[in-house]
Amino acid sequence: MRIAFISYEFPPDTAFGGIATYTYHMALSLKNLGCDVEVFTASHRRESRNEGFEGLLIHRIHTTQREAFRQAIVAVVAERHREKNFDLMESPEYGTEGALVKEALPAIPLVVKFHTPSFVVKDFNRQLKAHQLKYKFKNFFGIGSYRKEADPEYQFAIGAEALAAPSESMAAIISEKWQIAKERIAVLPSPFLPQQALLQIPPGTETNTVTYLGRLEGRKGVHLLAKAIPLVLQKKPDTLFRFIGKTNIGPNGKGTMLGYLEEQLQTWLHRVEFIDQVPPQEVPLWLQKSDVCVFPSLWEAFGYVCVEAMSAARAVVASKYGGMNDMLADIDQQLLVNPENTTELAAAILSLLEQPQKRIAIGMRSREKVINYYGLEAPKRNLKFYQEVAEAFRAKKN
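Okay, so the sequence shown: first residue is 60 according to my numbering, each after it adds one.
In short, the hints are calculated from the structure, not lab data.
A couple of the hints might just be wrong.
Calculated cross-link-like contacts (lysine-lysine; reagent style DSS-like; alpha-carbon spacing at most 25 angstroms) [what the hints assert, rightly or not]:
no., residue 1, residue 2
1, 348, 305
2, 443, 90
3, 241, 207
4, 428, 348
5, 456, 143
6, 455, 241
7, 443, 428
8, 417, 348
9, 294, 417
Could you build the full structure based on these sequences and the hints that come with them?
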């Protein structure tokens, strides 16, 4: 099967977050199953065509603007399609990156994959700022209220042949907000091919370290973790908490989140460590120095950092809201918490620190799930879905 992925984000040039990670693992997984895969992406520093990258064919548009990418990529996809027809193409909903390609090439069936639509991001940001006076006025008067008909991402999605989401939570939000029948949205696990360095980390570490990995921002719940840390240290004072990630804006839109965390934890800073964003190849080194990982997001569509931690056989405490619930519910339901309940969050962390055998067993089950489910079953399920979409499209044409 011949598949085109259209994504502004793709490693290494535009590896900004989850969309880049997803596209890389999905494309590589399908290539490993025998598919002919090409990725159409952006680069801030170079223009390239027909670039070989781990067995994939990559085409990079030199631009720093998403809108310029949307326009420039049309001719590139069209040229490749003329040379050898694509059976299917996929685009994220975010930024409607494949919209102009679909307009120009309606004969290629389109899958829109939901990651986190812009309205979800804006809604969470609004909630985080809700106590600010200007946002209280906006909410009271209905200023900025959401209308799906005015949302380009909604218009793009409803014009696609098929829709897919990486978690039940993401599908439910789309179905409710956009009034799309739930059965029209395929819920498919995102493939993940873990580095060997992650799989080689021994499960039975004794570092007394709890690690958060990801951006320091409100939506990731790091300010809530800061409230739980003193509760843990009061009972386990030898514990080290480590935050690894680039800081974002602080609560209330003031300062940085790093500055806020340092202020909130000033009494405990001797047991807290902050590390700036690290390159992907260094992640296994830091996970090996951790016993427990914690991801208290207010909501997460999928959460690749969680799968990385699972690959490393780390026991994970995570938010029960969003895609990490799908990942961990069959591992240990007690490790899924309401991140706003800091007592519950602290208790889950303590349960793992105080019970090393339980922690190790959870880590081993987690690693096994990544290998068998996200590494083997997920790619096959996604390929079957793509094949069914392409076949249905051909049948409809005929």
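Can you name, in rising order, the numbers of the hints this structure does not satisfy? none
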